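There are 2 protein chains.
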Amino acid sequence: MTDVAQARNQQGAPGHADAGRGRRRAGRPRLRPASDTEVAPRAEILDAAAELFVSQGLAATTTRQIADRVGIRQASLYYYFTGKDELLLELLTQSVRPSLRVAAELESRCRADPAAGLYALALIDVATLTHAPHNIATLYLMPEVQAAEFASFRAERAQLQAVYGRLGQAAAGGGGMTEPLTATLLIQLVESVIQLRRAGEMRDYGHEIAAACLRLVGLGPAEVIRARAAAAGLTDSLAG
Amino acid sequence: MTDVAQARNQQGAPGHADAGRGRRRAGRPRLRPASDTEVAPRAEILDAAAELFVSQGLAATTTRQIADRVGIRQASLYYYFTGKDELLLELLTQSVRPSLRVAAELESRCRADPAAGLYALALIDVATLTHAPHNIATLYLMPEVQAAEFASFRAERAQLQAVYGRLGQAAAGGGGMTEPLTATLLIQLVESVIQLRRAGEMRDYGHEIAAACLRLVGLGPAEVIRARAAAAGLTDSLAG
Chain U
7 MTDVAQARNQ QGAPGHADAG RGRRRAGRPR LRPASDTEVA PRAEILDAAA ELFVSQGLAA
67 TTTRQIADRV GIRQASLYYY FTGKDELLLE LLTQSVRPSL RVAAELESRC RADPAAGLYA
127 LALIDVATLT HAPHNIATLY LMPEVQAAEF ASFRAERAQL QAVYGRLGQA AAGGGGMTEP
187 LTATLLIQLV ESVIQLRRAG EMRDYGHEIA AACLRLVGLG PAEVIRARAA AAGLTDSLAG
Chain S
7 MTDVAQARNQ QGAPGHADAG RGRRRAGRPR LRPASDTEVA PRAEILDAAA ELFVSQGLAA
67 TTTRQIADRV GIRQASLYYY FTGKDELLLE LLTQSVRPSL RVAAELESRC RADPAAGLYA
127 LALIDVATLT HAPHNIATLY LMPEVQAAEF ASFRAERAQL QAVYGRLGQA AAGGGGMTEP
187 LTATLLIQLV ESVIQLRRAG EMRDYGHEIA AACLRLVGLG PAEVIRARAA AAGLTDSLAG
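From first to last, the protein sequence lines stand for chains U and S.
If you count the first sequence from 1, position 188 lands on 194 in the numbering used here, and the numbers rise without skipping.
If you count the second sequence from 1, position 156 lands on 162 in the numbering used here, and the numbers rise without skipping.
No wet-lab data here; the hints were simulated from the structure.
Every value quoted in this text rests on a predicted model; they were computed, and no experiment measured them.
There may be inaccurate statements among the hints.
Label pairs and their computed distance ranges (CB to CB) [what the hints assert, rightly or not]:
{"id": "1", "chain 1": "U", "residue 1": "Gly239", "chain 2": "S", "residue 2": "Arg48", "range": "55 to 61 Å"}
{"id": "2", "chain 1": "U", "residue 1": "Gly206", "chain 2": "S", "residue 2": "Ala66", "range": "27 to 33 Å"}
{"id": "3", "chain 1": "U", "residue 1": "Glu155", "chain 2": "S", "residue 2": "Asp91", "range": "27 to 33 Å"}
{"id": "4", "chain 1": "U", "residue 1": "Ala49", "chain 2": "S", "residue 2": "Leu244", "range": "50 to 56 Å"}
{"id": "5", "chain 1": "U", "residue 1": "Arg204", "chain 2": "S", "residue 2": "Ala236", "range": "31 to 37 Å"}
{"id": "6", "chain 1": "U", "residue 1": "Arg48", "chain 2": "S", "residue 2": "Ser158", "range": "40 to 46 Å"}
{"id": "7", "chain 1": "S", "residue 1": "Arg48", "chain 2": "U", "residue 2": "Tyr84", "range": "44 to 50 Å"}
One-sided and incomplete, this derived list gives chain S residues near chain U with beta-carbon spacing under 8 Å [as the list claims (entries may be wrong)]:
{"id": "8", "residue": "Ser61"}
{"id": "9", "residue": "Thr69"}
{"id": "10", "residue": "Leu95"}
{"id": "11", "residue": "Pro139"}
{"id": "12", "residue": "Val151"}
{"id": "13", "residue": "Ala153"}
{"id": "14", "residue": "Phe156"}
{"id": "15", "residue": "Ala157"}
{"id": "16", "residue": "Ser198"}
{"id": "17", "residue": "Leu202"}
{"id": "18", "residue": "Met208"}
{"id": "19", "residue": "Leu244"}
Each residue gets a CB set at the ideal place from its N, CA and C atoms; glycine is no exception.
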């Protein structure tokens, strides 16, 4: 590489163009480096893929477009990913796995206080969905996501939904809705954050949505306040 | 068409292989009429379009495929619709307009009892979504639906959402969530029926979801029972 090419590459390396210029817009088109020797990391490719999938749909998006957006050659993209399906699976998985990981932990620690467990899970799940790149969860309902390639994602989301159902039923003390219906309504309520992000509403809705989940299963104001306090202890210890 | 070709067409026509084998799949491919003089009505075309849009996505669906499924020529489809966009707009509109129509009526009649109005609206909206062909509302989040062509649908859905917000705030008696957040969470909860239909859960969830909406805005069990009874009077008089 020549010095000039190297200098351009350093300046033009994905994500470095506007370093220090305040808020960086993820995934926007970048200057294409003169050389492809420094390939962009996986995260850059995933971010660009998420933006294109969400803005123009899966069918219309090509790996060429994704590579162009990152500023790498298509061949370099294939060094990291086998193709569109793997990119989408990785993005979908990232939008559910962090929540599923804590869900199992919360469930085992909250047998005596399922309301606190439900509150903490909703709070953490809202955070996961809020940070998923480019609101990737808008793709959950796409026909393409029902294909066999994405079975592992669907299974993880189903597991998360089942934890909502068990915590919700336990918190409600039985009576009322069936566990599968409770599970569906609770995860649906948490996924409202997808709609809120789409509408450009960017403040943190965690506590409001978590409280709404508890009211949904029939808990009153005093119980919601108590569960919120108990959940704070839980999330602190999970983070620690 | 030769006799042989006709026989093959009858036997081999997609969807007829399993005729009489129990449950009929709605919107399945139909026998192609020998002549095209009997054009299929709008409803048949809309139903076929809905099935293809939902099962394989918008981008992958052509008007040719839709016409084939109905058993008419592509040119006949264009006699009724200008193309895919008009079909999709009509389907989306059908999934929201019946609810929006009663929403305005309910709002004006329930100033003194917003909880009953909210219960009745949720009940009617669940019914609208339950009867929308092929669960067409799964397409709400598709990038294509954000295009200018579908602005009128998005505006009607936003109006419906706003009614949920006003009824929800009035029923809750202020305090707690903002009206836009209330609106988003309530419509999201009602649209759980989309998820339930996708999961193959076909029983009527109207009353369970309507009750969940009232709990969400903070009403207790006694208030929910009272609102349900009052809503019954409302929906009867709307139907009459």
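Worksheet item: Of the hints given before, which are not true for this structure?
Response: 9, 10, 11, 12, 13, 14, 15, 18 and 19
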